[in-house]
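Engineer: Each chain, written out:
2 protein chains.
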Amino acid sequence: MRKDAVQQDPFKSVSIIGMGLLGTSLGLALKQRQLAEKIIGVGRAGSPSLQIALKRGAIDVARTNPAAAARSDLIVLATNIGVFPDLFRAIAKGLAEDTIITDVGSTKQQVCRWARDLLPRTARFVGSHPMAGSEKRGPEFARVDLYSNAVCFICAGKAGRMELAAQRVEWMWQQVGMRTLRVKPQFHDRWVAAISHTPHAAAATLINLIQADAANLLRAAAGGFMDTTRVASGDVEMWTDIFVTNHLAASKSIRTFVQLLQGFERAIRNEDRTAVREFLQRAKTIRDQLPQRQGGG
Amino acid sequence: MRKDAVQQDPFKSVSIIGMGLLGTSLGLALKQRQLAEKIIGVGRAGSPSLQIALKRGAIDVARTNPAAAARSDLIVLATNIGVFPDLFRAIAKGLAEDTIITDVGSTKQQVCRWARDLLPRTARFVGSHPMAGSEKRGPEFARVDLYSNAVCFICAGKAGRMELAAQRVEWMWQQVGMRTLRVKPQFHDRWVAAISHTPHAAAATLINLIQADAANLLRAAAGGFMDTTRVASGDVEMWTDIFVTNHLAASKSIRTFVQLLQGFERAIRNEDRTAVREFLQRAKTIRDQLPQRQGGG
Numbered sequence: 469m470r471k472d473a474v475q476q477d478p479f480k481s482v483s484i485i486g487m488g489l490l491g492t493s494l495g496l497a498l499k500q501r502q503l504a505e506k507i508i509g510v511g512r513a514g515s516p517s518l519q520i521a522l523k524r525g526a527i528d529v530a531r532t533n534p535a536a537a538a539r540s541d542l543i544v545l546a547t548n549i550g551v552f553p554d555l556f557r558a559i560a561k562g563l564a565e566d567t568i569i570t571d572v573g574s575t576k577q578q579v580c581r582w583a584r585d586l587l588p589r590t591a592r593f594v595g596s597h598p599m600a601g602s603e604k605r606g607p608e609f610a611r612v613d614l615y616s617n618a619v620c621f622i623c624a625g626k627a628g629r630m631e632l633a634a635q636r637v638e639w640m641w642q643q644v645g646m647r648t649l650r651v652k653p654q655f656h657d658r659w660v661a662a663i664s665h666t667p668h669a670a671a672a673t674l675i676n677l678i679q680a681d682a683a684n685l686l687r688a689a690a691g692g693f694m695d696t697t698r699v700a701s702g703d704v705e706m707w708t709d710i711f712v713t714n715h716l717a718a719s720k721s722i723r724t725f726v727q728l729l730q731g732f733e734r735a736i737r738n739e740d741r742t743a744v745r746e747f748l749q750r751a752k753t754i755r756d757q758l759p760q761r762q763g764g765g
Numbered sequence: 469m470r471k472d473a474v475q476q477d478p479f480k481s482v483s484i485i486g487m488g489l490l491g492t493s494l495g496l497a498l499k500q501r502q503l504a505e506k507i508i509g510v511g512r513a514g515s516p517s518l519q520i521a522l523k524r525g526a527i528d529v530a531r532t533n534p535a536a537a538a539r540s541d542l543i544v545l546a547t548n549i550g551v552f553p554d555l556f557r558a559i560a561k562g563l564a565e566d567t568i569i570t571d572v573g574s575t576k577q578q579v580c581r582w583a584r585d586l587l588p589r590t591a592r593f594v595g596s597h598p599m600a601g602s603e604k605r606g607p608e609f610a611r612v613d614l615y616s617n618a619v620c621f622i623c624a625g626k627a628g629r630m631e632l633a634a635q636r637v638e639w640m641w642q643q644v645g646m647r648t649l650r651v652k653p654q655f656h657d658r659w660v661a662a663i664s665h666t667p668h669a670a671a672a673t674l675i676n677l678i679q680a681d682a683a684n685l686l687r688a689a690a691g692g693f694m695d696t697t698r699v700a701s702g703d704v705e706m707w708t709d710i711f712v713t714n715h716l717a718a719s720k721s722i723r724t725f726v727q728l729l730q731g732f733e734r735a736i737r738n739e740d741r742t743a744v745r746e747f748l749q750r751a752k753t754i755r756d757q758l759p760q761r762q763g764g765g
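Respectively, the protein sequence lines represent chains E and P.
Residue 765 is where the first sequence ends in this note's numbering, and the numbering goes up by one at each step.
Residue 765 is where the second sequence ends in this note's numbering, and the numbering goes up by one at each step.
What you were told as hints is all true, and nothing was included just to trick you.
You can't tell identical chains apart in this list, so a pair holds if it fits in one copy or across any two.
Here are the simulated lysine to any residue pairs, SDA-like style, with alpha carbons at most 25 Å apart: (1) 604 - 754; (2) 499 - 479; (3) 604 - 743; (4) 720 - 750; (5) 561 - 636; (6) 720 - 734.
Derived from the structure by calculation, the hints contain no laboratory data.
Please construct the entire structure, taking both the sequences and the accompanying hints into account.
Structural biologist: Pasting the structure below:
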């Protein structure tokens, strides 16, 4: 057995900070597959989430101080991204040398920058973005299979010690059913700007477009509209964090989207059947090749 | 019993022109509720649709010449809109005085204009737009309940004779499960531009936006993206007809959509948390109030 092989045994202790949909679902999945001997859940004092997570068996112990996570084998940040700086500072002090830190945040450049700036130099941070979720939030919607058959992006440094940490994190996500995909933070943020943030911006805009006529229009909304705008029901704070932490890539992607759409609008305005058909045909051809729906979010 | 009361008895004969999803589903629904003594299906020679519709019991008789429909009590145009001018000309000659003509087309101004210009002066045309459908096309996907619990827009003139025809058409749609909503063609086209055509344009654009990176991105596409872009799989010819026949309202609605989205993009670019949150919150509040998914399309 090579000395630097990736550990494949369960974690002795895992701390999950944030008992929302993602954190609680991860606890359930780790428990079911016996991937952690002990799971510490960290949540806000006074919020019912911790008790729900305990009752559902997603965690063994409930804590309200993030510093309690500092000595676990693995720490997973599962709050909104906006809270990450405070959390990094809270765990920085007592951090054990071998502790691996990861997260489930939807943007990666800003998060990796915070980890670099706020954690000790020797800290082993690996960015994760599991492409799973739902517009439903909270531990009551947690599912043991939330992470099954979806992709998890992994952002990690190249140094040997970091590489082992990255492989350990990849192993964990694979154990709960994900396909992992290594990517640089800036590429990640550009990708999710195109496949997640711009669709979200479009969905929210479609809703705000009909606002004035809402009363009349609501009754007539057909399934297509409901599907196209479903993500606009997503958690507002979470999405505000996403757009703000990924503002460069998101705004660039939206501007490209607008340019494309304006070209299509011109074709419509000019009654240019050929151009309209060509635009729709290109989209249909690609859309028909997409794999069937996988996971949530 | 008032002399001008709306007939509530079954049609002696109904002709449905176009044996796609909508036409075949209507045949099935009329049959199930015994609303037509005889249903004539009109389709293209050589296409298997007519035989499928016959075999599924959606029609009693198969014809390939639209002129065969001219003497029915009710004629329903259920082809793509682009074929309507030819169909109006074909049925215009032998049209019986009491025949009511309607359609299932997704835009109404252009269709009502064609009806006025191409049918005899005395013809009783009532525009219908059942907000039902699916990105799946063809008689093999037809369902007896396709029209249940969805809205049907009705566009009709005000003259007494037209009013009775409109009520008869409304009665028919209500019998197959729809809620009817009377609306002027120009209002209809503005509404559907906002709730159907602009979402479709956005979905197609979202797909074309990722085209270059498609190979990498396809694996990572999460459920949100799949939902948001589902309608982009819709029939290309049908949607080309829709955008071209509704080009004024559709292009205006898309331009308003672009302006709204550009405002949101500016807020993101400026990292204006308050404006980003406010935009998302407004959309979520409205979206959460929308009724649950109803019918298809």
